[in-house]
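> Sequence:
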Amino acid sequence: MAIQLQLSRATDTVVEELVDGAIAALPRLVIGLVFLSLAYVGIKVALALVRSALSRVYAGEQRLIADLFTAIVGVFLWFGVALTLLKVVGMGDIAASLGTAAGFVALGISFALSNMIADTVAGVYLLRDPDFEIGDRVTVESVTGTVVGIELRKCRIELDSGDTVVLANKDVEKKWTRLADADAAEVPGAPAE
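Letter by letter, the sequence shown follows residues 1 to 193 in full-length UniProt numbering.
Honestly, the hints are just simulated from the structure, not real lab data.
Where hints are given, some of them may not hold.
[To be verified] Okay, derived cross-link-like pairs now, DSS-like style, lysine-lysine, Cα gap no bigger than 27 angstroms in a straight line: (1) Lys154 with Lys174; (2) Lys170 with Lys154; (3) Lys87 with Lys44; (4) Lys154 with Lys175.
Take the sequences, apply the hints, and build the full model.
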């Protein structure tokens, strides 16, 4: 009987502490939900503004650049919201630890993806270069052909034989040569020889 009485008191104490803790945490949870709702609206507006501004700068084929930068901005904004939400609901120590760990993870990922990042950066430069466009005849390394595609990570060059060679942008951006148009006389508006 004494064991049952002690067990009953312990159970009552645990339930009371749980209820008291839930009641004490309720205001922080409500504030957290309000913050999350406002952050959602704010991020949607911010990303729409970023996408709009970048779409004006990077039009047409270069839309990939605008989409990439918008996605990166979105990831950073949501990560900041997540850390702030943890702080708002009273888990500041977890937020600090998570922020530090994310920094180390990002460093490791950037090191592991350095080739992909180099291709992407070179792709941005190639997409912005007015001398390197789809339809241009170029020589890259030992490949000569017509540029048929420029993407963020790779370029496609069609050879005279009809085959398509896919090259990493970092290799293309290092050294490429735009060949003079052999058929300039056939281009409308070009002076005839």
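> Taking the hints in turn, state whether each one holds.
Structure-based check of each hint:
Taking the CA atoms of Lys154 and Lys174, the gap is about 13 angstroms. The hint holds against a cut of 27 angstroms. For the proposed pair Lys170 and Lys154, the alpha carbon gap of about 8 angstroms is at most 27 angstroms, so the pair holds. For the proposed pair Lys87 and Lys44, the alpha carbon gap of about 22 angstroms is at most 27 angstroms, so the pair holds. Simply put, Lys154 and Lys175 have alpha-carbon atoms about 14 angstroms apart, close enough for the 27 angstroms limit, and the pair holds.
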